[in-house]
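Chemist: Respectively, the protein sequence lines represent chains C and U.
If you count the first sequence from 1, position 258 lands on 257 in numbering that gives the first Met the number 0, and the numbers rise without skipping.
If you count the second sequence from 1, position 97 lands on 96 in numbering that gives the first Met the number 0, and the numbers rise without skipping.
Since the hints were derived computationally from the structure, they do not count as laboratory data.
A few of these clues could be false.
[To be verified] Just so you have them, the derived chain U footprint on chain C, three or more residues with Cβ under 8 Å: (1) 28–40; (2) 73–86; (3) 94–101; (4) 185–199.
[Claimed, not checked] Not the full set, but computed from the structure, chain U residues with beta-carbon under 10 Å of chain C: (5) L25; (6) E28; (7) R307; (8) G316; (9) A321.
For glycine and all other residues, C-beta sits at the position ideal for the given N, C-alpha and C.
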Amino acid sequence: MLDTGTPLVEMTDISISFGGIRAVDHASIDLHSGEVVGLLGHNGAGKSTLIKILSGAYKRDAGEIRINGETAVINNPRDAKGYGIETIYQQLAVADNVDAAANLFLGREMVTSLGTLDDAAMESKAREVMGRLNPNFRRFKEPVKALSGGQRQSVAIARAILFNARILVMDEPTAALGPQETAQVGELIKQLKSEGIGIFLISHDIHDVFDLADRVVVMKNGKVVGEARTSDVTKDEVLGMIIMGKVPPGATPGPGAIAG
Amino acid sequence: MADQRAMSSTTHHSQMVQNPLQRFLLATEIDTRLLGMIGALATIWIGFNFFSGGLFLTPRNLWNLSVQTASVAVMVTGMVLVIVTRNIDLSVGSILGLVGMVMGVMQTQILPVQLGLGLGHPAIWILSLATGLIVGTGIGALQGGIIAYLKVPAFIVTLGGYLVWRGAAWWVTAGRTVAPMDTKFQLMGGGPAGSIGSLWSWVVCVIACAAIVVGLYFGRRQRQRFNFPQRPVWAEVSLALIGCGATIAAVWVANAYPWPTRIAENYAAASGIPVPEGGLFISHGIAIPVLIAVGVGVVMTFLATRTRFGRYVYAVGGNPEAAELAGINTRWVTVKIFMLMGALCAIAAAISSARLNAATNALGTLDELYVIAAAVIGGTSLAGGVGTIAGALLGALVMQSLQSGMVLMGIDSPLQSIVVGIVLVFAVWLDTLYRRNKH
Numbered sequence: 000m001l002d003t004g005t006p007l008v009e010m011t012d013i014s015i016s017f018g019g020i021r022a023v024d025h026a027s028i029d030l031h032s033g034e035v036v037g038l039l040g041h042n043g044a045g046k047s048t049l050i051k052i053l054s055g056a057y058k059r060d061a062g063e064i065r066i067n068g069e070t071a072v073i074n075n076p077r078d079a080k081g082y083g084i085e086t087i088y089q090q091l092a093v094a095d096n097v098d099a100a101a102n103l104f105l106g107r108e109m110v111t112s113l114g115t116l117d118d119a120a121m122e123s124k125a126r127e128v129m130g131r132l133n134p135n136f137r138r139f140k141e142p143v144k145a146l147s148g149g150q151r152q153s154v155a156i157a158r159a160i161l162f163n164a165r166i167l168v169m170d171e172p173t174a175a176l177g178p179q180e181t182a183q184v185g186e187l188i189k190q191l192k193s194e195g196i197g198i199f200l201i202s203h204d205i206h207d208v209f210d211l212a213d214r215v216v217v218m219k220n221g222k223v224v225g226e227a228r229t230s231d232v233t234k235d236e237v238l239g240m241i242i243m244g245k246v247p248p249g250a251t252p253g254p255g256a257i258a259g
Numbered sequence: 000m001a002d003q004r005a006m007s008s009t010t011h012h013s014q015m016v017q018n019p020l021q022r023f024l025l026a027t028e029i030d031t032r033l034l035g036m037i038g039a040l041a042t043i044w045i046g047f048n049f050f051s052g053g054l055f056l057t058p059r060n061l062w063n064l065s066v067q068t069a070s071v072a073v074m075v076t077g078m079v080l081v082i083v084t085r086n087i088d089l090s091v092g093s094i095l096g097l098v099g100m101v102m103g104v105m106q107t108q109i110l111p112v113q114l115g116l117g118l119g120h121p122a123i124w125i126l127s128l129a130t131g132l133i134v135g136t137g138i139g140a141l142q143g144g145i146i147a148y149l150k151v152p153a154f155i156v157t158l159g160g161y162l163v164w165r166g167a168a169w170w171v172t173a174g175r176t177v178a179p180m181d182t183k184f185q186l187m188g189g190g191p192a193g194s195i196g197s198l199w200s201w202v203v204c205v206i207a208c209a210a211i212v213v214g215l216y217f218g219r220r221q222r223q224r225f226n227f228p229q230r231p232v233w234a235e236v237s238l239a240l241i242g243c244g245a246t247i248a249a250v251w252v253a254n255a256y257p258w259p260t261r262i263a264e265n266y267a268a269a270s271g272i273p274v275p276e277g278g279l280f281i282s283h284g285i286a287i288p289v290l291i292a293v294g295v296g297v298v299m300t301f302l303a304t305r306t307r308f309g310r311y312v313y314a315v316g317g318n319p320e321a322a323e324l325a326g327i328n329t330r331w332v333t334v335k336i337f338m339l340m341g342a343l344c345a346i347a348a349a350i351s352s353a354r355l356n357a358a359t360n361a362l363g364t365l366d367e368l369y370v371i372a373a374a375v376i377g378g379t380s381l382a383g384g385v386g387t388i389a390g391a392l393l394g395a396l397v398m399q400s401l402q403s404g405m406v407l408m409g410i411d412s413p414l415q416s417i418v419v420g421i422v423l424v425f426a427v428w429l430d431t432l433y434r435r436n437k438h
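In isolation and in its complexed conformation, chain C is listed as follows (with noise of 0.2 Å):
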């Protein structure tokens, strides 16, 4: 149906457990260049810890994540990066001590031949990337801590698009967001899209992300309930889903699914 090459990513049978509590049981989900995956379900359901997976920030117990069809070995962040994978975590991570270009640039700064800080130039990038972004956003010099949580988040989505991301996850992207800015990251992920980058959307609240979707997948109690294209579809339907674990007849059923 969809793209059938091989997935940019494939997570397979993934597990993992907090002190006796399996917080992602067998989870499998895939994501095509391109694409963008709503990855939906309760609080506590095991969608960020799943995610959060993929971006190295946990370490599995069990299962395999292949990139391009080969496995991969992600053990922490840094790792992640290196094949392309940039997160936009829930709880902002940005440190708010320092300055948005500071942030932009955290673990990558741009140096001058002498091995210091170009700040000048990050700055400058910091500027046009921003300008993409959030044109009204003039607070350079600031720690992030004054900006507004509008201005943070444009922050982290900026941080996320600087390095030319492949694979980007966005957990609840627009949740701290006015309904401006919301529709401005709902283009941007459009645009994002139209590059070619796989994005997971993470997300409590159908509503955030069933538009911007082109697949979902549902999850509770740690196991995948079910997966279904968007269109095929209603989000009543989805609801039903994430609600009850209901698998309705245009989706495909995952291990989580009630019986009958």
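With chain C held as given, fit chain U onto it using these hints.
Modeler: Structure of chain U alone, referenced to chain C:
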């Protein structure tokens, strides 16, 4: 919505800026907190000068003050980075003691006697210092490694270190004091011989002023290159004048303090200079330990603001999780910070033992508390993420000024401790108020 708020706050801001002082501060981008500290220092100096009957603000006292501050000043530059990353180092005084002892034994026993270099060999001071740096860095690496990789809190590791290294310092010579130090090594402690004299002080002054002007010029050109907003020219000129003026004033004070009469006469007799009517005036100039401390301050500021390492230190302090997720090897950063702290303790040990002309196993006792207090008075937040090298150096100067001023006024040492303790708490309370009002 958010941007409207930002805009309205800027208009509000510019309406507020009416009086010349505020306009000046805004244009020059001077940190008002740092300015407040300079104001506090000026108040302390003028106050002590008044109550000591004009003894405080003399070239002699100010010169001594600068030398007394040097050791703590060297260490506080590292302590800022330690505290910025939400750690603490309680062991710096003990490391200083141990490293001082090791360097003492190196230059009086091992190098001249056991390795047969003979006393007074020109390589002794540098080999001793190098050994001290290696030991200090090694101790830092060990403590940093335990903190970063074994996840033992820094407070506990360095509290253990406080006891261990002090005990080890005693063990090096079974408590015996090592003296005298190598003659070249002694220069790091200051004194008439350990100062660079008026000519070289002026050379240093010219270089420093040139560096200030060139730095401002390149900063401006860099911003022009990218079409960023710039400071008005008058603000740049004011900054250059203030920077150069302060440098010239400091050098002038150092040069205004002459060698003691007896030493000057001996020197004149030894080198065949006729002693003029009214005595020989030979300037001390900048003391070598002060030069070392200033050099360390410049290097550490560079490290903290212009390098990746410095950027990571602040990022880790602001949000350790975000730094880790950004792919920063936060553990290795922690180890490096403690190694740096150990190396700075070694430099401070060289200054202290050279100044005392002896290594004792009590050297550096209570220094950890003065260093931490100086960093905190200098605006380093124990909550992490905030702190500057320049502020901490000023903090060290404030602490030393208080102590030396109270000595001048003949205040008993128990009362001195009481005052320093109260000032520490008061300073942090003021800082809390300042930060609360700012946001």
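Chemist: Give a verdict on every hint.
Modeler: Hints versus structure:
1. Counting residues of the region 28–40 of chain C whose CB lies closer than 8 Å to any CB of chain U gives 0, so the stated coverage by that chain is violated, three being the minimum.
2. Counting residues of the region 73–86 of chain C whose CB falls under 8 Å from any CB of chain U gives 5; the rule of at least 3 is met.
3. Counting residues of the region 94–101 of chain C whose beta-carbon sits less than 8 Å from any beta-carbon of chain U gives 5, enough to reach three: the coverage restraint holds.
4. Three residues within the 8 Å Cβ limit are the bar, and the region 185–199 of chain C against chain U gives 0, so the coverage statement is violated.
5. Hint status for L25 (chain U) relative to chain C: violated, with the closest Cβ pair at about 12 Å, above 10 Å.
6. Contact between E28 (chain U) and chain C, as hinted, is supported at the beta carbon level, the nearest pair being about 9 Å apart and thus within 10 Å.
7. Look at R307 (chain U): its Cβ gets to within about 5 Å of chain C, closer than 10 Å, so that hint holds up.
8. Taking 10 Å as the C-beta cut-off, the interface hint given for G316 (chain U) holds, the closest approach to chain C being about 7 Å.
9. Here the hint on A321 (chain U) is kept, as its CB sits about 4 Å from the closest CB of chain C, short of 10 Å.
Checked against the numbered hints given earlier, the structure breaks hints 1, 4 and 5 and satisfies all the rest.
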